[in-house]
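Residue numbers (the working numbering), protein chains in the order written: chain E, 701 to 821; chain W, 14 to 125.
No wet-lab data here; the hints were simulated from the structure.
Treat the hints loosely; a few may be bogus.
[Said to hold, decoys possible] Using C-beta positions, here's what the derived DEER-type ranges look like: (1) A771/E <-> G29/W: 22 to 32 Å; (2) Q757/E <-> Q30/W: 33 to 43 Å; (3) A771/E <-> E67/W: 17 to 27 Å; (4) G41/W <-> E710/E: 20 to 30 Å; (5) G53/W <-> L784/E: 38 to 48 Å; (6) D731/E <-> R70/W: 31 to 41 Å; (7) G71/W <-> D731/E: 32 to 42 Å; (8) E752/E <-> G29/W: 18 to 28 Å; (9) D731/E <-> Q30/W: 40 to 50 Å; (10) Q813/E <-> L96/W: 15 to 25 Å.
The beta carbon of each residue, even a glycine, is placed where N, CA and C say it ideally should be.
As a plain string of letters, each chain reads:
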Amino acid sequence: AQTVTQSQPEMSVQEAETVTLSCTYDTSESDYYLFWYKQPPSRQMILVIRQEAYKQQNATENRFSVNFQKAAKSFSLKISDSQLGDAAMYFCAYRSARRHAGGTSYGKLTFGQGTILTVHP
Amino acid sequence: ETGVTQSPTHLIKTRGQQVTLRCSSQSGHNTVSWYQQALGQGPQFIFQYYREEENGRGNFPPRFSGLQFPNYSSELNVNALELDDSALYLCALGGGPYNEQFFGPGTRLTVL
């Protein structure tokens, strides 16, 4: 079974500075996706960024980027130029993918325990 | 906004009762998954439906059951409620180019 570990229960950052959230995972599969989700107090889980395991290039989405180390099974999220609106709980998540003749089938999302990010003005 | 809606927003039940939670979207998604999120924890996978059939289940007892309708809306039913069932219940609809899952705002269930 796959597991996802976020070792930082809480992190804080000053507005406009950079912060990195850590995530490690354990799997024996070779094809999978990794995600970072943001959950503000409104509870809506919002997709921040995704990474396909077969892609070596790290994903970026505006101020958000990842450092994907497949061999080390590490997937950290870097938030640059932090804004007050970035304050939320951040979850790292894993999803297996199985490619076959009929297409691709996807497994469940397995989440880490979350990291609470506080942004100080 | 993900376009996924859930109802009710929150509700309170007593132990032993039954509850039905609902999930819907303005767009068609052929996959719906349900997750349970205890306070301060990451969501845990309950089950997934694809084209109205359950095609994956997490470590939850049979008193957790679901339905997916032809219009892609979905229900989560929980029988014989227990105190530990108190949690935020999230539905997620999938089907984008990466089959990413779009989450609803959740239903907060409190069991007394």
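The hints, checked one at a time:
no.: 1; hint: A771/E <-> G29/W: 22 to 32 Å; result: violated, 51 Å
no.: 2; hint: Q757/E <-> Q30/W: 33 to 43 Å; result: violated, 51 Å
no.: 3; hint: A771/E <-> E67/W: 17 to 27 Å; result: violated, 36 Å
no.: 4; hint: G41/W <-> E710/E: 20 to 30 Å; result: violated, 39 Å
no.: 5; hint: G53/W <-> L784/E: 38 to 48 Å; result: violated, 22 Å
no.: 6; hint: D731/E <-> R70/W: 31 to 41 Å; result: violated, 22 Å
no.: 7; hint: G71/W <-> D731/E: 32 to 42 Å; result: violated, 21 Å
no.: 8; hint: E752/E <-> G29/W: 18 to 28 Å; result: violated, 46 Å
no.: 9; hint: D731/E <-> Q30/W: 40 to 50 Å; result: holds, 43 Å
no.: 10; hint: Q813/E <-> L96/W: 15 to 25 Å; result: holds, 22 Å
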